[in-house]
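2 protein chains.
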Amino acid sequence: MKFRRSERLIDMTDYLLTHPRQLVPLTVFAERYSSAKSSISEDLAIIKEVFEERGIGTLQTIAGAAGGVKFQVQVDKEESISFIRGLCDLITDPGRILPGGYLFMNDILGNPAIVQRVGRMIASAYVNTDIDVVMTVATKGIPLAYAVANYLNVPVVIVRRDSLVTEGPTVSINYVSGSSKRIQTMVLSKRSLAEGSNVLIIDDFMKAGGTVNGMISMLEEFRANVAGIAVLVEAEQADERLVDNYLSLIKLSEVDLKQKQIKAIEGNYF
Amino acid sequence: MKFRRSERLIDMTDYLLTHPRQLVPLTVFAERYSSAKSSISEDLAIIKEVFEERGIGTLQTIAGAAGGVKFQVQVDKEESISFIRGLCDLITDPGRILPGGYLFMNDILGNPAIVQRVGRMIASAYVNTDIDVVMTVATKGIPLAYAVANYLNVPVVIVRRDSLVTEGPTVSINYVSGSSKRIQTMVLSKRSLAEGSNVLIIDDFMKAGGTVNGMISMLEEFRANVAGIAVLVEAEQADERLVDNYLSLIKLSEVDLKQKQIKAIEGNYF
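Keeping their order, the protein sequence lines are chains A and B.
With numbering that gives the first Met the number 0, letter number 108 in the first sequence gets 107, and the count goes up by one each step, no holes.
With numbering that gives the first Met the number 0, letter number 57 in the second sequence gets 56, and the count goes up by one each step, no holes.
Please note that the accuracy of each hint is not assured.
Remember, identical chains collapse to one label, so a pair may be satisfied in a single copy or spanning two.
What the hints assert, rightly or not - With a cut-off of at most 30 Å between alpha-carbon atoms, the simulated BS3-like pairs for lysine-lysine come out as follows:
hint, residue 1, residue 2
1, K76, K257
2, K180, K257
3, K47, K189
4, K69, K47
5, K259, K189
6, K69, K1
7, K180, K69
8, K1, K257
Source of the hints: derived by calculation from the structure; they are not laboratory data.
Construct the complete structure from the given sequences, taking the supplied hints into account.
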């Protein structure tokens with residue numbers, strides 16, 4: 000069965016979008032559509048142009064026998080900033096302030112469309128970094144970690160506060176929570192992470208950075224490397240920040256419990 | 000700026016795939032491409048045909064002033080069954096057996112591509128069901144719940160074993176774990192779920208069904224309705240199953256600790 004160009008373009012778009020960061024040999028498409036490689040190359044040129052124009056991503060072409068095409072996610076910076084400003088407006092609703100100065104964010108983190116969008120933004124910042132795995136700590140960072148990992152085509156490992164019978168042997172470390180200064184424990188299944196892995200650390204929220212710091216200590220136990228750190232929201236507490244090199248999408252610049260006021264601005268991602 | 004048909008088809012495919020189950024008025028596309036609605040309708044007819052032919056999904060067209068087009072995810076049953084058989088082979092690796100007869104599944108659940116694929120399969124079974132929210136219990140079910148919810152365009156609520164300061168007021172219930180017969184606690188943030196919501200319960204693994212049963216009790220507290228129950232893996236224990244109406248993709252038919260043997264077959268989804 001022969002496919003028309005219009006049909007090929009639609010199916011290839013779906014295929015590339017659902018196989019991010021995977022090298023697809025041109026023969027895969029040529030066989031899929033019983034088409035000549037030259038036609039497939041023309042199709043890919045059109046797709047690449049539209050993807051770049053619309054801020055969807057880009058196609059990398061690798062020449063040679065082991066070559067092919069790879070979809071890399073990208074985002075439109077202008078669209079991203081207006082999306083993040085919209086999120087800032089959502090977050091600064093005074094009804095979100097909980098006792099202790101915490102913010103209720105379940106509804107935001109519970110919205111898969113928001114999580115996907117944020118994950119895509121973070122992933123786009125790391126498409127050219129060597130990353131083998133995304134790590135997060137249970138539970139709030141999990142959805143975001145998966146969204147990022149999906150776009151980067153790498154697995155997710157989840158650090159826990161307690162060990163589970165379904166995890167097998169684990170490595171456990173103690174760390175000091177940055178804000179409460181209490182000693183806490185983190186556990187990771189031994190089978191989860193290979194020595195020498197390059198790890199992107201993801202979390203939803205960073206205050207002083209104690210939890211992220213704990214994950215960095217965990218990586219040392221596994222002789223793995225920190226390839227990057229990214230959080231959705233950081234609270235501004237520059238004087239006692241435990242972590243240096245990180246990416247944040249939103250920065251809480253003021254949480255005033257008495258006045259019930261929150262201020263949020265774009266993070267250092269922009 | 001005018002767009003050629005080939006460009007429109009690529010961008011519309013991306014738009015529809017990233018906005019599942021959302022009604023998109025034709026004017027959105029007409030304005031986006033400065034094209035006549037009649038051209039957009041023709042484009043959509045081509046996309047619909049390819050989506051259906053390739054098992055990507057379908058487009059529902061709603062006529063009238065409040066009308067538009069809606070992408071509904073679908074899966075190809077044959078492809079799905081061969082994918083699930085591949086997963087069964089992965090799962091039956093004797094190295095997965097942990098003390099107590101538990102199975103190590105972190106690597107499978109940590110693979111975003113597998114989770115997306117499974118989520119898509121589950122979502123396709125519920126596209127015509129009235130669902131307002133997806134519910135799961137922390138932590139292993141979370142990635143799958145988000146994958147399903149993303150395709151269904153609904154939020155996720157996460158039941159926890161313990162309450163967190165960042166959740167605000169919570170409702171707590173006790174339930175009996177089906178396999179260990181112990182009393183356990185489940186907690187859900189009060190703000191998370193509206194009365195009368197139609198809820199799809201998702202989990203990674205179901206043994207006797209105690210945890211799913213606990214979630215059903217939680218829904219009663221919120222006067223919400225069970226719209227469906229779906230799990231990735233069920234362990235065969237028909238004699239003491241606490242839950243009736245559910246969907247499973249994989250059924251463990253035998254876990255023999257002594258012989259280090261596991262048997263897994265397709266679940267009742269097929």
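key: Hints the structure fails to honour   = 1, 3, 7 and 8
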